[in-house]
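Sequences and hints are given; from them, build the entire structure.
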Amino acid sequence: MASLVGVYAASHGPMIAREWESLSAPTRASVEEGFGEIGKRLSASRPDVLVIVSPDHWVNFFLNNYPAFCVGIGAEHDGPPEPFLKKRFQHPLLAGHPSLGLHILNTAIARDFDPSMSHRLTLDHGFCLPLWRMGIEQIPPIVPIVVNEVDDPMPTMRRCLAFGALLKDAIASYPENLRVAVLATGGLSHFIGEPGMGQIDEKFDRTCISLFERGDPTALATTLEHEVRHTGNGGNEVRNWVVAHATAGNKGFELIGYAPLQEIYVGCAFAEWRVAA
Amino acid sequence: MKDYWLNKLFFDIQQPALAAEYKVDRDAVLARYPMNAALREALLADDIGTIAPHVNAYLLRFYYAIRGMKDDEFIRRLNAIPQAQSDRKGVSRHG
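Taken in sequence, the protein lines are chains A and B. Heads up, the first sequence is in numbering that gives the first Met the number 0, so the first residue is 0 and it goes up one at a time. Heads up, the second sequence is in numbering that gives the first Met the number 0, so the first residue is 0 and it goes up one at a time.
The set of hints was computed from the structure by calculation and includes no laboratory data. Any given hint could be a false lead.
[Claimed, not checked] Partial pick of chain B residues on the chain A-facing surface, computed with a CB cut under 10 angstroms:
hint, residue
1, ASN6
2, LYS7
3, PHE10
4, ASP11
5, ALA51
6, TYR57
[Claimed, not checked] Restraint ranges, calculated between C-beta atoms of paired labels, are given here:
hint, chain 1, residue 1, chain 2, residue 2, range
7, A, SER2, B, ASP24, 54 to 62 angstroms
8, A, ALA28, B, MET68, 23 to 31 angstroms
9, B, ALA79, A, THR221, 32 to 40 angstroms
10, A, ASP168, B, ARG75, 43 to 51 angstroms
11, A, ARG273, B, ASP11, 40 to 48 angstroms
12, B, ALA18, A, ASN63, 14 to 22 angstroms
13, B, ASN78, A, SER2, 44 to 52 angstroms
14, A, ARG157, B, ASP24, 44 to 52 angstroms
15, B, ALA37, A, ASN63, 19 to 27 angstroms
16, A, GLN261, B, TYR3, 31 to 39 angstroms
17, B, LYS69, A, PRO152, 29 to 37 angstroms
18, B, ARG66, A, GLU201, 26 to 34 angstroms
19, A, ALA74, B, ARG75, 41 to 49 angstroms
20, B, ALA19, A, ASP168, 46 to 54 angstroms
[Claimed, not checked] Below are the BS3-like pairs computed for lysine-lysine, each with C-alpha atoms no more than 27 angstroms apart in a straight line:
hint, chain 1, residue 1, chain 2, residue 2
21, B, LYS22, A, LYS85
22, A, LYS85, B, LYS69
23, B, LYS7, A, LYS85
24, B, LYS22, B, LYS1
25, B, LYS69, A, LYS86
26, A, LYS85, A, LYS39
27, B, LYS1, B, LYS69
28, A, LYS86, B, LYS22
Cβ atoms here follow ideal geometry from the backbone N, Cα and C, with glycine treated the same way.
In structure tokens form, the structure reads like this:
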């Protein structure tokens, strides 16, 4: 049977790649430290497959068809399309893991939870920027999971918990001996293309961190459902963290680092969940 | 309310070929995107305050980044949008 060997979270932000050389030394140090630690822990968990939960920033989907959830079940996926990232993260193709992807999809459908599927996704900075900064030598096959966090209506926090729970069960019931790690990317607060852009809502960020540390999924879902409506649009990406929270068994996480990094417009945080036995 | 074609233009212009065409012949490109006439005028005038309520905020950001508007200027224009004109929740964020 497959085993869940680690569940992690890392913020992402295009400015990290776009402006890397011109970022101040403290900002770079903060980014390097957080991603470096996540990369170290992820590598130490020796995953055979990495499930990455991220938004799609208008690359694969548009208003004519925007799924709430999509599971990537292809043998390979395309690397980042953003010019600022593809020159730094030179992986035009990334291996997928069709068998685990399909098992996750089938587990979802058996539970009357009907995500979209894709046999080939283009993995934008949400997926690839953390991989770039973590500096993993050998990137394992990836099962990408997209959550709609860019355009209303978005899945509820309660639904994200449910998706995380089924992801946990799908990994546990996968019939082959496979080490699976999960990485949730994005968040915490940021404002993109809306008034307030460049500011960071530290109060929201601290609320999120406290809720994830405590573990209680009901309080997490109820509070965040309200709070994300009163912060910047980028805060919606915390849904990925909610999915990861339930995948890890709602035991709470260890915060690795947090800094409100105005230069990259992001309340930047890194964490590892305690994984339920 | 969203304008589908305005959003579609901002989505499509992420493709370098369309961005290049838009740079040299904006009218030819706009002719293929039958957006609301008032929004088309606002777009031509880079009137972000008028455009913003009708387009996804990320796509708005992408469009002006591709057009080469510096972040400082883009942010200045966003923050000049009167609250009543914006449906962005960012204006009611935490303190």
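For each hint, the structure was consulted:
no.	hint	result
1	ASN6	holds (6 angstroms)
2	LYS7	holds (7 angstroms)
3	PHE10	holds (5 angstroms)
4	ASP11	holds (9 angstroms)
5	ALA51	holds (7 angstroms)
6	TYR57	holds (5 angstroms)
7	SER2(A) to ASP24(B): 54 to 62 angstroms	holds (57 angstroms)
8	ALA28(A) to MET68(B): 23 to 31 angstroms	holds (30 angstroms)
9	ALA79(B) to THR221(A): 32 to 40 angstroms	holds (36 angstroms)
10	ASP168(A) to ARG75(B): 43 to 51 angstroms	holds (49 angstroms)
11	ARG273(A) to ASP11(B): 40 to 48 angstroms	holds (44 angstroms)
12	ALA18(B) to ASN63(A): 14 to 22 angstroms	holds (21 angstroms)
13	ASN78(B) to SER2(A): 44 to 52 angstroms	holds (49 angstroms)
14	ARG157(A) to ASP24(B): 44 to 52 angstroms	holds (49 angstroms)
15	ALA37(B) to ASN63(A): 19 to 27 angstroms	holds (23 angstroms)
16	GLN261(A) to TYR3(B): 31 to 39 angstroms	holds (34 angstroms)
17	LYS69(B) to PRO152(A): 29 to 37 angstroms	holds (33 angstroms)
18	ARG66(B) to GLU201(A): 26 to 34 angstroms	holds (31 angstroms)
19	ALA74(A) to ARG75(B): 41 to 49 angstroms	holds (47 angstroms)
20	ALA19(B) to ASP168(A): 46 to 54 angstroms	holds (48 angstroms)
21	LYS22(B) to LYS85(A)	holds (23 angstroms)
22	LYS85(A) to LYS69(B)	holds (21 angstroms)
23	LYS7(B) to LYS85(A)	holds (24 angstroms)
24	LYS22(B) to LYS1(B)	holds (24 angstroms)
25	LYS69(B) to LYS86(A)	holds (21 angstroms)
26	LYS85(A) to LYS39(A)	holds (23 angstroms)
27	LYS1(B) to LYS69(B)	holds (25 angstroms)
28	LYS86(A) to LYS22(B)	holds (24 angstroms)
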